[in-house]
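J.: According to the working numbering, the sequence shown is numbered sequentially starting from 2.
Treat each hint with caution, since some may be false.
Each computed SDA-like pair below joins lysine to any residue, with the alpha-carbon atoms no more than 25 Å apart [said to hold, decoys possible]:
| hint | residue 1 | residue 2 |
| --- | --- | --- |
| 1 | K151 | E39 |
| 2 | K154 | Q196 |
| 3 | K253 | H123 |
Derived DEER-like restraints, expressed as beta-carbon distance ranges [to be verified]:
| hint | residue 1 | residue 2 | range |
| --- | --- | --- | --- |
| 4 | S24 | E289 | 39 to 47 Å |
| 5 | A476 | Q227 | 51 to 59 Å |
| 6 | N369 | A326 | 20 to 28 Å |
| 7 | D470 | T71 | 46 to 54 Å |
| 8 | D470 | V66 | 45 to 53 Å |
| 9 | D309 | S202 | 19 to 27 Å |
| 10 | D314 | D451 | 15 to 23 Å |
| 11 | T332 | E289 | 21 to 29 Å |
Simulated from the structure, these hints should not be mistaken for laboratory data. We put the CB at the ideal spot given by N, CA and C, even for glycine.
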Amino acid sequence: MIYTGIDIGTTSTKTTAYDASGSAVAQSEKDYPLLTPETDYAEQDPETIFQAVMQTLTDVSQQVVQQGNTIAAVSFSAAMHSLIGLDANNECLTRSIIWADRRAKWQTQNLKESSAGSTLYHRTGTPIHPMSPLTKLMWFKEEQPELFYKTKKWISIKEYIFYRLFGEFVVDYSIASATGMFNLKNLEWDEEALQIAGIDSGQLSQPVPTTYVVKGLHKDNATQLQIAADTPFIIGANDGVLANLGVGAIRKGVVACTVGTSGAVRAVVDHPITDPNERTFCYALTDELWVIGGPTNNGGIVLQWLRDNIFYDMKKPDDGDPYEAMTALTTSVPPGAEGLLFVPSLAGERSPSWNPDTKGVFYGLTLNHTRAHMIKSAMEGVMLQLYTVVDALQKMGVEPKEFRATGGFTHSPEWLQMAADIFDAPIKIPANPQSACYGATLLAKHALEDQGSIHEYDDIAMGEAIDPDNERTHAYAPVKKRFMEVSRISSDQLSVY
């Protein structure tokens, strides 16, 4: 049985086919641009993304056919928080406005300060932030009312893809739970949230379980994709929760940690949980499992910023991988970078402050600090920021016994060891790097093969494991405390400038 997962990401769409053993047998990836027509805008072209889905799935289907097999099912992963407006003919009135868009900052602040803000978070599990489709809708209502009232349907990018393939408007519980308008307990659109947004439930798609199966692929699409029209397509979930499933981080005590351009820490619980201090999200994996955690805007992009703007002499391609050269410098610098702290809020921040205007800070810089100290403190800053999410999860009852790591930082031994030391827990690297695609296929198996509990899919092949070093872990204890104090000050005071 060949199951195929499609991950509609922020920078590209990846499609991967897996055999019964979970080994990847075919892959394809298509990049697309991020459009930033104005300050704080972050958009993408829905048609470009639809064509990326079609191209990558066609490529994978052809590879599978050449191997003498056929695709048995297709399942979807997608980035959260996108928003597209459609007219009465279901034509796009807007681009896909993605999670990184910050135009709704003032609407976010007003909602946070209102009596509804806190209760809305606890009902929906989505922190009040410009990433949220709820606050994006508030922006459209206030700033572009003519377009807002002309729009007949508001959907995400995955819903757009499903509509193009099947002519049906459905949204899985997982994507819906990241809109800020979906009630965690009754699994329906939240009436107060809709009133705040200025829309009704008829303008949104029908919520369905993440195991929802669609058949009847449009004939032209089936012909192009070289897939039988009755092939089951599983709606799937958002990329964050599927990454947990894909790395086997769905058992108690096993936590997923991802660091790519951005980063996140996530754990699975068996009922919706929100944070009294509103530091974390809560999104659906299935109608029985929920993922809680927090993302940071600032992961590998921090090292890219250092390379491009400060240590640009290390950017020369003839010198090999500049990131390897940068991280190699840090091995002689002790934990805590001899008093230098870096708060990595270069792109604003999500968890735990959810403040889009917070700024980055080098704190404690002296004449004795070198470029090695700056790189070390920047790497530590990313991990310490993620540790603040771990700390929040611990206060909510999650006790991490081990972390499953994915993303670009898994290629850096220095960064992985740093994570183990700061988190004070083993870091394990899954054998399969495309966690969201693989998670989507596992969800498809769960939907189609009816094998009982989804926990049967938590036995994932592991590669490398990194244990914490007791001496370094001890050295990081005061650094963690100091970082949390400094980052809180930077969020509260520097965001106003």
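J.: Could you tell me which of the numbered hints above are not met by this structure, giving the numbers in increasing order?
T.: 4, 9, 10, 11
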